[in-house]
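Number of protein chains: 2
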Amino acid sequence: MPRTELEYPKEPYGTVKRYSPRASYALRTIHTIINTSPILHVSFNDPQSPFPTILPMLGQMGSFSRPSADEGDVLDLYLHGYVSSRLINISRHQPSDASSASTSTSTSSTSSPSSPLPGLPVCVAASHLDGLVLALTPNAHSYNYRSAILFGHATLVSEPAERLYAMQLITDGVVPGRWEGSRVPPNKGELSSTSVLKVRIATGSAKIREGPPGDDRADKEDKNVTGRVWTGVVPVYQVLGEPVAGPYNEVAEVPGYLGEYVRETNLVTKEAAFEAARKVAVKKGGEDE
Amino acid sequence: MPRTELEYPKEPYGTVKRYSPRASYALRTIHTIINTSPILHVSFNDPQSPFPTILPMLGQMGSFSRPSADEGDVLDLYLHGYVSSRLINISRHQPSDASSASTSTSTSSTSSPSSPLPGLPVCVAASHLDGLVLALTPNAHSYNYRSAILFGHATLVSEPAERLYAMQLITDGVVPGRWEGSRVPPNKGELSSTSVLKVRIATGSAKIREGPPGDDRADKEDKNVTGRVWTGVVPVYQVLGEPVAGPYNEVAEVPGYLGEYVRETNLVTKEAAFEAARKVAVKKGGEDE
Chain H
461 MPRTELEYPK EPYGTVKRYS PRASYALRTI HTIINTSPIL HVSFNDPQSP FPTILPMLGQ
521 MGSFSRPSAD EGDVLDLYLH GYVSSRLINI SRHQPSDASS ASTSTSTSST SSPSSPLPGL
581 PVCVAASHLD GLVLALTPNA HSYNYRSAIL FGHATLVSEP AERLYAMQLI TDGVVPGRWE
641 GSRVPPNKGE LSSTSVLKVR IATGSAKIRE GPPGDDRADK EDKNVTGRVW TGVVPVYQVL
701 GEPVAGPYNE VAEVPGYLGE YVRETNLVTK EAAFEAARKV AVKKGGEDE
Chain D
461 MPRTELEYPK EPYGTVKRYS PRASYALRTI HTIINTSPIL HVSFNDPQSP FPTILPMLGQ
521 MGSFSRPSAD EGDVLDLYLH GYVSSRLINI SRHQPSDASS ASTSTSTSST SSPSSPLPGL
581 PVCVAASHLD GLVLALTPNA HSYNYRSAIL FGHATLVSEP AERLYAMQLI TDGVVPGRWE
641 GSRVPPNKGE LSSTSVLKVR IATGSAKIRE GPPGDDRADK EDKNVTGRVW TGVVPVYQVL
701 GEPVAGPYNE VAEVPGYLGE YVRETNLVTK EAAFEAARKV AVKKGGEDE
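First to last, the protein sequences are chains H and D. With our numbering applied, the first sequence corresponds to residues 461 to 749, in that order. With our numbering applied, the second sequence corresponds to residues 461 to 749, in that order.
One or more of the hints may lead you astray.
[To be verified] DSSO-like cross-link-like pairs, simulated, lysine-lysine; straight-line CA separation at most 27 Å:
| id | chain 1 | residue 1 | chain 2 | residue 2 |
| --- | --- | --- | --- | --- |
| 1 | D | K683 | D | K739 |
| 2 | H | K683 | D | K648 |
| 3 | H | K683 | H | K730 |
| 4 | D | K680 | D | K739 |
| 5 | H | K730 | D | K730 |
| 6 | D | K680 | H | K648 |
| 7 | H | K648 | D | K683 |
| 8 | H | K680 | D | K739 |
Don't read these hints as lab results, they were simulated from the structure.
Produce the complete structure using the sequences and hints provided.
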């Protein structure tokens with residue numbers, strides 16, 4: 461674990477331009493938002509299409525070479541080829557190792573993307589909605605949210621051991637402990653039929669908004685407006701419901717790791733949404749919209 | 461309202477290739493998933509960047525020329541330039557009206573994207589997570605979800621009346637009735653400082669997964685596995701919490717339209733997640749993974 465918080469480089473394409481006090485480039489902040497997002501949106505360009513494409517995928521950040529690395533460290537993003545094989549197929553036709561890279565000697569995941577790194581250029585986004593911010597005027601309406609994007613190069617993981625590492629990482633990302641709680645290890649067929657993409661991160665950023673509405677002074681001082689328009693935050697959070705056993709389930713009780721995960725997640729997410737709603741803005745000046 | 465359900469054309473870049481029984485091209489299905497998604501992920505290419513970019517934005521589908529159109533009709537997507545002005549700036553430099561379009565006489569929003577329509581090519585994605593599908597093996601794990609993507613061309617809305625229409629559409633998309641419940645109409649400054657993007661849709665698709673896990677027969681018939689691994693679905697749904705009044709709120713009671721929206725949304729989303737978890741697969745053959 462690094463002693464100081466690492467930050468991603470501020471590349472022109474990756475810099476948050478608006479409301480920049482809300483921006484963060486800290487690896488820990490960004491990686492945590494990505495890892496707690498059950499669905500990631502992955503964008504890439506298909507040479508056959510006039511449009512960029514977005515696929516919803518599962519993913520987790522980790523380090524195969526140093527599995528003990530935590531969320532504040534330099535990590536790779538592993539994506540499961542869950543939703544479509546199009547991205548996998550395009551990645552297959554990208555140069556897949558460093559031999560085609562530039563003469564640059566940089567091996568860091570945060571090396572400049574201007575050097576022609578191998579892999580398919582992708583953008584990955586994760587967004588958590590924490591509240592509806594209802595202000596006096598439509599323009600000052602907002603959301604409380606935590607969002608992150610990462611830019612990087614995706615290649616197919618060819619090494620079986622690394623694919624196995626990523627499969628466990630992603631399965632335990634859905635419910636911690638689920639890997640050991642299911643029928644493992646995968647057999648040969650399962651292992652060979654699973655495609656895992658690894659994204660080497662070039663840079664990324666996060667944006668976080670919390671706190672109550674922030675209207676313009678003119679509206680806040682207009683009694684005709686404040687006397688009529690309710691202002692505040694509707695906290696929003698995701699709930700895990702009571703597990704529903706499937707048709708061929710033969711285990712009478714919901715396993716401990718699962719029950720605990722459901723209870724803890726529900727406590728944490730609800731509390732975080734209410735905390736964000738009640739947060740007092742620290743900065744001076746009031747309005748943030 | 462059309463008598464038959466309209467469908468988007470199946471373009472090669474927009475066709476769902478995997479698990480195609482889960483795919484839908486019906487406008488109503490796709491538009492409903494988009495309109496009920498509080499955050500949309502919008503992807504585009506910035507000529508300055510080696511990567512595609514994704515921005516989280518607010519948006520709603522509507523028809524300015526026929527406001528009574530419903531979700532099964534041909535609609536445009538209106539996006540609020542909420543999160544970043546980068547997309548707005550790039551769109552500003554795109555040809556913004558039909559004068560630069562091809563000689564094609566098609567005026568339909570679903571016209572072929574191979575004709576050089578004006579605007580910035582974008583992809584818009586919305587994903588709702590409805591459940592964690594926990595199967596016997598990691599490979600058969602899945603989510604219950606509803607996801608949709610749209611492909612289209614984005615241009616800035618220059619007409620003030622259309623911008624006002626879109627602002628109301630998007631505000632009421634956050635909480636129905638909120639537009640009238642807030643200080644409206646926007647003043648001149650608010651109206652001119654708000655950027656609205658309109659996406660003319662080329663095509664789109666949806667994917668929906670519901671129901672219990674579907675493992676391979678070999679695992680389902682292995683008592684060593686079924687006797688040890690719990691299988692089923694953890695329903696997932698978004699909850700709107702009790703509204704939290706802001707620091708300058710002077711309206712004692714939460715307004716009726718807001719309280720009702722919170723109550724109704726919570727009922728519907730919870731029920732939908734449990735219903736998806738319990739859904740019996742209609743198709744024969746069992747396994748779907």
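Enumerated hints in conflict with the structure, sorted upward: 3 and 8
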